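Here the protein sequences line up with chains A and B, keeping their order. Numbering of the first sequence is given in the working numbering, commencing with residue 5 and proceeding in unit increments. Numbering of the second sequence is given in the working numbering, commencing with residue 5 and proceeding in unit increments.
Read the hints as simulated data drawn from the structure, not as lab findings. Computed from a predicted model, the values in this text were never measured in an experiment. Each hint should be verified, as a subset may be incorrect.
The list makes no distinction among identical chains, and a pair is therefore deemed to hold if it is satisfied within one copy or across any two copies.
[Claimed, not checked] DSS-like cross-link-like pairs, simulated, lysine-lysine; straight-line CA separation at most 27 Å: (1) Lys103 with Lys123; (2) Lys66 with Lys124; (3) Lys123 with Lys17; (4) Lys17 with Lys38.
Number of protein chains: 2
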Amino acid sequence: MLIGEYSYNIDPKGRMNFPSKIRDYLSEIFIVTKGLDNCLFVFSMEEWNKLAEDIKRLPRSKAVAMQRFYFGSAQEIIPDKQGRILIPINLREYANIEKEVVVVGALNRAEIWNTDRWKKVCDDLSAESIAETMEELGF
Amino acid sequence: MLIGEYSYNIDPKGRMNFPSKIRDYLSEIFIVTKGLDNCLFVFSMEEWNKLAEDIKRLPRSKAVAMQRFYFGSAQEIIPDKQGRILIPINLREYANIEKEVVVVGALNRAEIWNTDRWKKVCDDLSAESIAETMEELGF
DNA sequence: GGTTATTAGTGGTTGAAAGTGGTTGAAAAC
DNA sequence: GTTTTCAACCACTTTCAACCACTAATAACC
């Protein structure tokens, strides 16, 4: 299961470190795509293939948008010996990533965020709605 | 699987570079045809033959239009030593391709777009519909 | 608790591959 | 026979992946 929050800086060459714990979970090669709310999604090959299969089976009307969104933006990523990755420029632009970056575990995927955006998202998470949902779950 | 987004300029002689990653997948020779939404489709010979078979099996009424659309516009493409391709003028006109071009991976085919058109298509992808479909898929 | 060993993270260099521009020569068109 | 076109090269530039070397942080051990 992917959990945790990790902060890094992107170096002048566009490389960013990628948390070793998440790397271990994803194995040597994985997929980065556009995600929701202008973050990037990171999938293991296994999860990615599942998603691809599901998208294939969608009715045409929904499939086209999903295909363009995910396949169009997807990139195979292989970290270098030091565990760094290089994110394609179009994805960096999409996610507003320039310098400070956060990698966040999210169950079956990881997410990459512009740090400021991430902070904002966290602030906006209303404590009440969380509490409410917890109650629904019986916790 | 064909994925990713790659940007190039068409040079004064009408040549455009073609991404090596997609070239590798398609092998030495492939097919370009008119596609949906005024883009161009790029198929591997294998996929192309499959499509041709499928079209053959259609009921006559539907087959004629499909045949005219796909076979009529199809062209075999062989990249030069540097990996560039030359797109026939009728296809360039169809897709409004003049200078800035994007090549996009889409699972079993690639698409070639006028850059501005592609941007527009991406912008029009509604975030809600993507989110909704994701939820349906259980991601 | 302090020292050492190990792993995580950062910066920089280099060489191969990807990408771009231009030239030439054969074939087709006039 | 001349001109035009275009595929096939050649040469150059840029990019980026693969290293190497170093520092910081963490874990293990005495």
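Consistency of the hints with the structure:
1. Lys103 with Lys123: both (15 Å within a copy, 24 Å between copies)
2. Lys66 with Lys124: Classified as between: cross-chain Cα gap 18 Å, same-chain 30 Å, threshold 27 Å.
3. Lys123 with Lys17: both (25 Å within a copy, 25 Å between copies)
4. Lys17 with Lys38: Within one copy, since 21 Å is at most 27 Å while 34 Å is not.
No hint from the list above goes unmet by this structure.
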